[in-house]
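Q: Spelled out, the chains give:
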Amino acid sequence: MPNIDQITTTLSAKLVLILDSDPEIISSIPISDVKEELFEIGIDPQPLVGAIGLSGQSVKDSDLQTTADVSWETKELLRAANEEVFEDGVDNELTKGLASLFERYNDGLINELTYLLLYKEINEEIASEILRWLGRLDDPSSQHDRLFLLEECLRNSSTRIRDAASVGLASLDDAHAIPFLQQAIQQEQCVELREDMEQVLAQLEATRRCHSS
Amino acid sequence: MPLILRKIRKAKWYKGGGVPWLAENDLQADALGDLLTKGNRLSIYLVDDEYTNLEQIVTALAANCDYISDFDFALFNEEALQNINIKLESTEGDTPDATVNSWHGDLVELTADKVIALATVIWTRAEKRRFLSKRILELVVKAVASQQIDRARLKKGLMEKIDPLIISPEAEQ
Numbered sequence: 001m002p003n004i005d006q007i008t009t010t011l012s013a014k015l016v017l018i019l020d021s022d023p024e025i026i027s028s029i030p031i032s033d034v035k036e037e038l039f040e041i042g043i044d045p046q047p048l049v050g051a052i053g054l055s056g057q058s059v060k061d062s063d064l065q066t067t068a069d070v071s072w073e074t075k076e077l078l079r080a081a082n083e084e085v086f087e088d089g090v091d092n093e094l095t096k097g098l099a100s101l102f103e104r105y106n107d108g109l110i111n112e113l114t115y116l117l118l119y120k121e122i123n124e125e126i127a128s129e130i131l132r133w134l135g136r137l138d139d140p141s142s143q144h145d146r147l148f149l150l151e152e153c154l155r156n157s158s159t160r161i162r163d164a165a166s167v168g169l170a171s172l173d174d175a176h177a178i179p180f181l182q183q184a185i186q187q188e189q190c191v192e193l194r195e196d197m198e199q200v201l202a203q204l205e206a207t208r209r210c211h212s213s
Numbered sequence: 001m002p003l004i005l006r007k008i009r010k011a012k013w014y015k016g017g018g019v020p021w022l023a024e025n026d027l028q029a030d031a032l033g034d035l036l037t038k039g040n041r042l043s044i045y046l047v048d049d050e051y052t053n054l055e056q057i058v059t060a061l062a063a064n065c066d067y068i069s070d071f072d073f074a075l076f077n078e079e080a081l082q083n084i085n086i087k088l089e090s091t092e093g094d095t096p097d098a099t100v101n102s103w104h105g106d107l108v109e110l111t112a113d114k115v116i117a118l119a120t121v122i123w124t125r126a127e128k129r130r131f132l133s134k135r136i137l138e139l140v141v142k143a144v145a146s147q148q149i150d151r152a153r154l155k156k157g158l159m160e161k162i163d164p165l166i167i168s169p170e171a172e173q
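Heads up: the sequence lines are chains A and B, in that order.
Mapping the first sequence onto my numbering, position 156 (from 1) lands on 156, and the numbers just tick up by one.
Mapping the second sequence onto my numbering, position 63 (from 1) lands on 63, and the numbers just tick up by one.
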């Protein structure tokens with residue numbers, strides 16, 4: 001039987017799905033702050049039950065069950081990852097597990113990770129590894145959602161998470177991220193991270209020039 | 001005098017890196033995760049002081065991985081090892097590039113104090129650099145095409161990524 005926390009997580013993930021699928025709602029929300037916008041339209045993002053009702057969509061039991069499954073399995077994977085040591089270029093149990101969950105749940109996993117990374121506290125080493133994996137995932141259908149999450153994480157309070165988001169964007173190599181990186185560079189206080197972001201920006205600008213020529 | 005190259009994750013080594021509880025002159029403990037010893041030894045590569053073999057070493061190390069990724073590393077003068085009494089032993093490397101393997105060495109007889117001294121050297125004196133994954137991919141593809149890298153030694157996932165991108169020298173002509 002799921003506990004309150006799991007139910008909250010499930011409903012939260014479902015909200016992300018609904019917002020994603022409803023252009024009217026999503027287009028009215030500035031990419032910079034979904035949470036703030038929810039408060040503005042009278043929805044408390046914590047309980048979320050009311051939000052689902054407000055969306056006017058019915059939520060099928062099977063959808064909720066799938067969301068609960070992916071939520072539970074992702075949390076278990078993240079819990080196990082606490083003991084792992086990560087190295088660039090080297091497979092690990094976390095990324096193997098994420099790849100396996102993605103095969104089964106696809107967007108469901110991306111939504112769950114979006115929720116966890118934006119609204120829950122995750123160990124920054126694990127969060128960084130997830131962002132790097134999201135950046136190199138070869139799946140055009142989820143590119144938009146991954147891009148959104150990586151761009152959002154450029155504003156995270158942790159330098160390591162901001163760096164991982166920037167590296168993930170370099171892997172995606174999508175010029176859409178250019179204004180987000182420019183803004184992140186302007187605001188970045190850590191000199192070394194700023195230089196690393198500038199390297200990513202230079203790559204994306206070269207990609208854009210390449211595509212436009 | 002050659003430079004010592006050690007693979008790291010740069011973000012753990014940022015100075016004043018936005019960790020609220022960390023004092024300005026403190027290095028976060030996670031950085032030591034980049035200096036995990038085995039048998040009290042640590043693997044390094046020797047880069048000449050003109051950096052002429054740097055790309056070749058980075059390419060070989062990246063080609064030894066499971067997948068293409070960005071590659072972060074620290075470079076510092078070999079002299080720094082003498083200052084902290086760390087011995088360097090020349091040993092054969094384990095990359096798919098035989099030449100690069102000859103530039104491999106181990107830092108040996110390491111104690112916990114010496115690892116911390118080494119971390120301090122990397123943090124305060126090393127040049128820390130990053131090759132982004134896009135560039136790594138280009139370098140590995142080029143090295144495999146020119147047979148500088150032994151393709152047969154690539155891991156399966158990497159081989160599947162590289163193979164479609166390789167244009168043989170014959171095809172280029």
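Read the hints as simulated data drawn from the structure, not as lab findings.
Since this is a predicted model, take the numbers as computed values, not measurements.
Incorrect hints may have been included.
Stated by the list, open to error - Once the Cα atoms are required to be at most 30 angstroms apart in a straight line, the calculated BS3-like pairs of lysine-lysine come out as:
| # | chain 1 | residue 1 | chain 2 | residue 2 |
| --- | --- | --- | --- | --- |
| 1 | B | 155 | A | 96 |
| 2 | A | 96 | B | 87 |
| 3 | B | 134 | B | 161 |
| 4 | B | 156 | A | 96 |
| 5 | B | 161 | B | 15 |
| 6 | B | 114 | A | 96 |
| 7 | A | 120 | B | 161 |
| 8 | B | 161 | B | 87 |
| 9 | B | 114 | A | 75 |
| 10 | A | 120 | B | 142 |
| 11 | B | 114 | B | 7 |
| 12 | B | 38 | A | 120 |
| 13 | B | 114 | A | 120 |
| 14 | B | 15 | B | 142 |
| 15 | B | 156 | B | 15 |
Q: Which of the stated hints cannot be reconciled with the structure, identified by number in ascending sequence?
A: 2, 5, 6, 7, 8, 9, 10, 12, 13, 14 and 15
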